[in-house]
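Visitor: Sequence:
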Amino acid sequence: MSIGSRVLNGIERIGNKLPDPVFLFLWFILALVILSLVGAGLGWQSVNPVTGDLLQARSLLAPENLEKLFIEMPKTLAAFPPLGIVLTVVYGAAIAERAGLFTTAFRGMLLNAPRFILTPVVAVTGMVSHHASDASYVVVIPLAAVIFAAAGRHPLAGLAAGFAAVSGGFAGNLFPGASDALILGITEPAARLIDPNYSVTIAGNWFFSIGMVVVFTPIIWFLTDAVIEPRLKKRSPIEIEGPKADEKVPLTPAEKRGLGFAGLTLLGMVALWTLILLIPGSPFIDTEADANTRLNPLYQSLVAFFAILFFLAGAAYGVGAGTVKSHRDLVVMMRDGIAQMAPYIVLAFFAAHFVAMFNWSGLGPILAVSGAEYLKGVALPTPALLVAVVLVSCFFDLFIGSASAKWSALAPIVVPMFMLLGISPEMTTAAYRMGDSVTNIATPLMSYFPLILTFAQRWDPRFGLGSLLSTMLPYAGVFLIAGLTMVGTWVALDLPLGPGVGVHYEPPPIQTAPVATPAP
Numbered sequence: 124m125s126i127g128s129r130v131l132n133g134i135e136r137i138g139n140k141l142p143d144p145v146f147l148f149l150w151f152i153l154a155l156v157i158l159s160l161v162g163a164g165l166g167w168q169s170v171n172p173v174t175g176d177l178l179q180a181r182s183l184l185a186p187e188n189l190e191k192l193f194i195e196m197p198k199t200l201a202a203f204p205p206l207g208i209v210l211t212v213v214y215g216a217a218i219a220e221r222a223g224l225f226t227t228a229f230r231g232m233l234l235n236a237p238r239f240i241l242t243p244v245v246a247v248t249g250m251v252s253h254h255a256s257d258a259s260y261v262v263v264i265p266l267a268a269v270i271f272a273a274a275g276r277h278p279l280a281g282l283a284a285g286f287a288a289v290s291g292g293f294a295g296n297l298f299p300g301a302s303d304a305l306i307l308g309i310t311e312p313a314a315r316l317i318d319p320n321y322s323v324t325i326a327g328n329w330f331f332s333i334g335m336v337v338v339f340t341p342i343i344w345f346l347t348d349a350v351i352e353p354r355l356k357k358r359s360p361i362e363i364e365g366p367k368a369d370e371k372v373p374l375t376p377a378e379k380r381g382l383g384f385a386g387l388t389l390l391g392m393v394a395l396w397t398l399i400l401l402i403p404g405s406p407f408i409d410t411e412a413d414a415n416t417r418l419n420p421l422y423q424s425l426v427a428f429f430a431i432l433f434f435l436a437g438a439a440y441g442v443g444a445g446t447v448k449s450h451r452d453l454v455v456m457m458r459d460g461i462a463q464m465a466p467y468i469v470l471a472f473f474a475a476h477f478v479a480m481f482n483w484s485g486l487g488p489i490l491a492v493s494g495a496e497y498l499k500g501v502a503l504p505t506p507a508l509l510v511a512v513v514l515v516s517c518f519f520d521l522f523i524g525s526a527s528a529k530w531s532a533l534a535p536i537v538v539p540m541f542m543l544l545g546i547s548p549e550m551t552t553a554a555y556r557m558g559d560s561v562t563n564i565a566t567p568l569m570s571y572f573p574l575i576l577t578f579a580q581r582w583d584p585r586f587g588l589g590s591l592l593s594t595m596l597p598y599a600g601v602f603l604i605a606g607l608t609m610v611g612t613w614v615a616l617d618l619p620l621g622p623g624v625g626v627h628y629e630p631p632p633i634q635t636a637p638v639a640t641p642a643p
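For the sequence shown, position 117 (counting from the first letter as 1) is numbered 240 according to my numbering, and the numbering increases by one without interruption.
Calculated directly from the structure, the hints in this document are not laboratory data.
Be aware that one or more of the hints could be misleading.
Below are the EDC-like pairs computed for lysine to aspartate or glutamate, each with C-alpha atoms no more than 20 Å apart in a straight line [stated by the list, open to error]:
| no. | residue 1 | residue 2 |
| --- | --- | --- |
| 1 | Lys-448 | Asp-459 |
| 2 | Lys-357 | Glu-187 |
| 3 | Lys-198 | Glu-187 |
When you get a sec, could you build the whole thing from the sequences and use the hints?
Guide: See below:
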């Protein structure tokens, strides 16, 4: 057995022994309680360099913390920022997904692509398809294989390109969506451990996500056409058994009509939002704020904008395509969409309490300040710090598939620490998301890996786990190199990560109370 196979087998064995993320958080909470007892007993403390406040470790078994835990348990869950943001977006996205808008739009993009640019179209479609949640795995990837076969190309090359885009480019997109709301929603409470007034919006990584699409698309194009497809043709020179090209079903008149209705709705929503932005006294503009923050209300409204857009565009498509017969269908679709979020809601309960208890213990800011002081002493450049975040994220992604579970555990330490080193929470989040994406396609522990293998075996029954891994590893390796380069370049050029969001964080001046003058 080769060294590579042994490494992969070892990763699989270790990963299979890890408990469910829910129980991981239970273990994290137990460890946090013990650490808080030690910290409080030893008198751990520090000074918040942003606010000037004295930070002291507090035992989670202290009466006031036990009171918060049991009396405020419902409030702790309800106040978990990602929960409300994600559910709000899902209400709209569920309509667009279940009415068929997302699926039809992605089919249309792939069906009409010329043979020469088929690979980049698959790449862009795969990364944009994250708005369709899990539908991107079960629609875009197998459809890419069918479209490649219909174009006279190797179907497994299409499947590989689709998998690389959907999963390896998971953080890439052209517009913010539910995944942005989820991850950046976790970032905000972590940032507020240092700066209580810090605000993170759904658009905090928007430009970075577009950058990933721009960088990863030519990589997928080159690797698929120049490396993966020639290798697959050599490996399988005989005619491959599996689905035939007649599965390439064109869009029906009803589907085209639905897309037309959805397109008009999109234009109407953009026009309406623009009009509200331009009218005097617009609620989207804070006229009393400085130039850097006056548009914050607009950015914060994007959650509502995308939720309403997905709802109206999905409903318009459904009416045009005939998949929505009455308002009751819309209610059922929303209900089904929320039902699909049940695993996340269960996880959110434990993640919310871990984040809250970390805050109550006071350990997060203390560890962040101490870690920042140590890193300042080491004097590592900013790109090197963020490269470390990417690599740590890559490593954990080999064992734990849930991006939100990993970030909920890492953010309360990493985000404040890097803020104290002058790195914005959004930049730290972008580095984490890059690492979390690129190795998705290189681990059998990724939840959809067995499904992709099943899709591949429909075309070639001999295509096994090792075949899929060996096909995807070139993408993962080049993605990692490109991701590290992209993060370093973003910092070096000080590029904006999103509207009004930069690489660096400048803490506000410490507010000190005026010294009273003694009376004569």
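Visitor: Honestly, which of those hints from before does the structure not fit?
Guide: 2
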